[in-house]
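Enquirer: Sequence:
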Amino acid sequence: MSLTTDVAQWIIRTEFDTLPAIVIEKAKKSILDTMGVAIAGANTDVGDIILGYIEALGGNPQSQIWGTSLRTSTQLAALTNSTLGHALDFDDTSHSYIGHASVSVLPAVVAAGELVNASGAEVVLAFVIGTEVACKLGAMVTPQLYADGWHSTSVMGAFGAAAGVAKILGLTETQASHALGIVTAQSSGIKGNFGTSAKSYQVGRSAENGVAAALLAQRGLGSDAGIFEKEFGFLHTFKLKRDSMPGSLGNPFDIDQPGFYLKEFPTCSSTHPALNAVITLIHEHGIDPLKLKSVNCASTPLVVDSLSYSNPQDIDQARFSLQFCLARTLLNRGALTPSDFCPENLNDPATRRLMDKIHLRRSDTLAKKGYAPSDGPEAAIVEISMKDGRQCQIQLAFPDWRPDNMPSWETLAAKFRDCGSRLMEPRRMDQFAERIRNLEKVQEIREIIALTST
Numbered sequence: 015m016s017l018t019t020d021v022a023q024w025i026i027r028t029e030f031d032t033l034p035a036i037v038i039e040k041a042k043k044s045i046l047d048t049m050g051v052a053i054a055g056a057n058t059d060v061g062d063i064i065l066g067y068i069e070a071l072g073g074n075p076q077s078q079i080w081g082t083s084l085r086t087s088t089q090l091a092a093l094t095n096s097t098l099g100h101a102l103d104f105d106d107t108s109h110s111y112i113g114h115a116s117v118s119v120l121p122a123v124v125a126a127g128e129l130v131n132a133s134g135a136e137v138v139l140a141f142v143i144g145t146e147v148a149c150k151l152g153a154m155v156t157p158q159l160y161a162d163g164w165h166s167t168s169v170m171g172a173f174g175a176a177a178g179v180a181k182i183l184g185l186t187e188t189q190a191s192h193a194l195g196i197v198t199a200q201s202s203g204i205k206g207n208f209g210t211s212a213k214s215y216q217v218g219r220s221a222e223n224g225v226a227a228a229l230l231a232q233r234g235l236g237s238d239a240g241i242f243e244k245e246f247g248f249l250h251t252f253k254l255k256r257d258s259m260p261g262s263l264g265n266p267f268d269i270d271q272p273g274f275y276l277k278e279f280p281t282c283s284s285t286h287p288a289l290n291a292v293i294t295l296i297h298e299h300g301i302d303p304l305k306l307k308s309v310n311c312a313s314t315p316l317v318v319d320s321l322s323y324s325n326p327q328d329i330d331q332a333r334f335s336l337q338f339c340l341a342r343t344l345l346n347r348g349a350l351t352p353s354d355f356c357p358e359n360l361n362d363p364a365t366r367r368l369m370d371k372i373h374l375r376r377s378d379t380l381a382k383k384g385y386a387p388s389d390g391p392e393a394a395i396v397e398i399s400m401k402d403g404r405q406c407q408i409q410l411a412f413p414d415w416r417p418d419n420m421p422s423w424e425t426l427a428a429k430f431r432d433c434g435s436r437l438m439e440p441r442r443m444d445q446f447a448e449r450i451r452n453l454e455k456v457q458e459i460r461e462i463i464a465l466t467s468t
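Residues in the sequence shown are numbered from 15 upward in steps of one, following this note's numbering.
Quick caveat, the hints were computed from the structure, so don't treat them as lab data. Quick caveat, the model's predicted, so the values are computed rather than measured. All C-beta atoms, glycine included, are put in the ideal place defined by N, C-alpha and C. Take the hints with a grain of salt, since some may be wrong.
[To be verified] Here are the computed lysine-lysine pairs in the DSS-like style, where the Cα-Cα straight-line distance is at most 25 Å:
id, residue 1, residue 2
1, Lys205, Lys305
2, Lys42, Lys305
3, Lys307, Lys382
4, Lys205, Lys401
[Stated by the list, open to error] Have a look at the derived ranges for each label pair, beta carbon to beta carbon:
id, residue 1, residue 2, range
5, Ser262, Ala364, 29 to 35 Å
6, Glu458, Lys382, 50 to 56 Å
7, Glu458, Asp328, 37 to 43 Å
8, Glu458, Thr351, 30 to 36 Å
9, Ala364, Asp402, 39 to 45 Å
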């Protein structure tokens, strides 16, 4: 039996009542978080562009764009909500394949769920299945895929989206297998777009392509059952070594172990351990940014490669600039919020002067770390030197918001309210957050999505 067939069989045979309670709980937290950051993404330049694009295209009003009254086709809704969900780089992360599983899978699953008016439990199940497929297949090709320049979120996220939508639509095992094969015709995205608005768009395409693959498979479009491992198949074409599945699908579920990293800051995840380190030093030593001599950060090759904009020229680049992120955090005395990412702050003289004092280098010690989640692939050693000669240092392997220290529902609800404050009334935001917390009891997903409408 081929790998594609194995995965398809697992997709169709997995049912909600087999999901562990902790998996359901963590899934609902990621769902609330992802929808919140997508709603916030509508208030960005990327949001203006993609919403204008969708309005011009129109489309059969099957599914809703979150945080708006706009409805469009299932595929275009998945594209838009996924793009908006990644616009702020505020969505959760999986270290298993160096990607953002939720933002590819959830918009596809919810858009398809509206199409068939799925229940909340069906959406949770499809979301868990989709993220599991993206993470487990992604782990097979990590780190080579990422190191070769492919954007893992976009490339592997499309498989997760196809898997989740296949479950929502009730495809047969054969159809689900075809959906996974069809998506290989569309799976793409490159790291060269990091620091540009195209990065969020290529993530959106992964969700859109997953929806299209499942819908086409449902109508009878076929693909090769061995498309992963055959000559000139996915692994061969991407120059990846065929490896066994890293652990059984769902045993454990990746969303639980090793788990997803929800984001405390609207920046590339590679900045987060260093940001938490600086915040700790600010609180412990009362760091005054005006009396600071230098900040030296030593980190892993993954971090140094990802944070390539020491002198960012726009807001997209600023999210991949450790210098900008740490400078704003220091000036704010320990905070970094979406409002920090604006042209005024990017061109602020005080911010620029502080950025010149912040240096990022590769650590020989941390360079030995691998890409495995347990290795701390984004670990950082931060040393702050003051003009009066004082020095302080701290090393963090992981950010504060990590799988074994997930934020509470109250903390995530506060993040959701902050994200949705420009588009949703406080009462509706609280109602929405509570409905997501009890999502498995909701009879129709449409009634929840309607709460986000303006």
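Enquirer: Does each hint fit the structure? Answer for all of them.
Expert: Now the hints, each set against the structure:
1. Lys205 - Lys305: Between Lys205 and Lys305 the Cα gap is close to 37 Å, so the pair fails against 25 Å, i.e. violated.
2. Lys42 - Lys305: violated (44 Å)
3. Lys307 - Lys382: violated (29 Å)
4. Lys205 - Lys401: violated (38 Å)
5. Ser262 - Ala364: 29 to 35 Å: violated (53 Å)
6. Glu458 - Lys382: 50 to 56 Å: Roughly 52 Å apart at Cβ, these two residues keep to the hinted range, so it holds.
7. Glu458 - Asp328: 37 to 43 Å: holds (42 Å)
8. Glu458 - Thr351: 30 to 36 Å: For Thr351 against Glu458, whose Cβ atoms are near 35 Å apart, the range 30 to 36 Å holds.
9. Ala364 - Asp402: 39 to 45 Å: violated (20 Å)
Violated hints, listed in ascending order, are 1, 2, 3, 4, 5, 9; each of the other numbered hints is respected by the structure.
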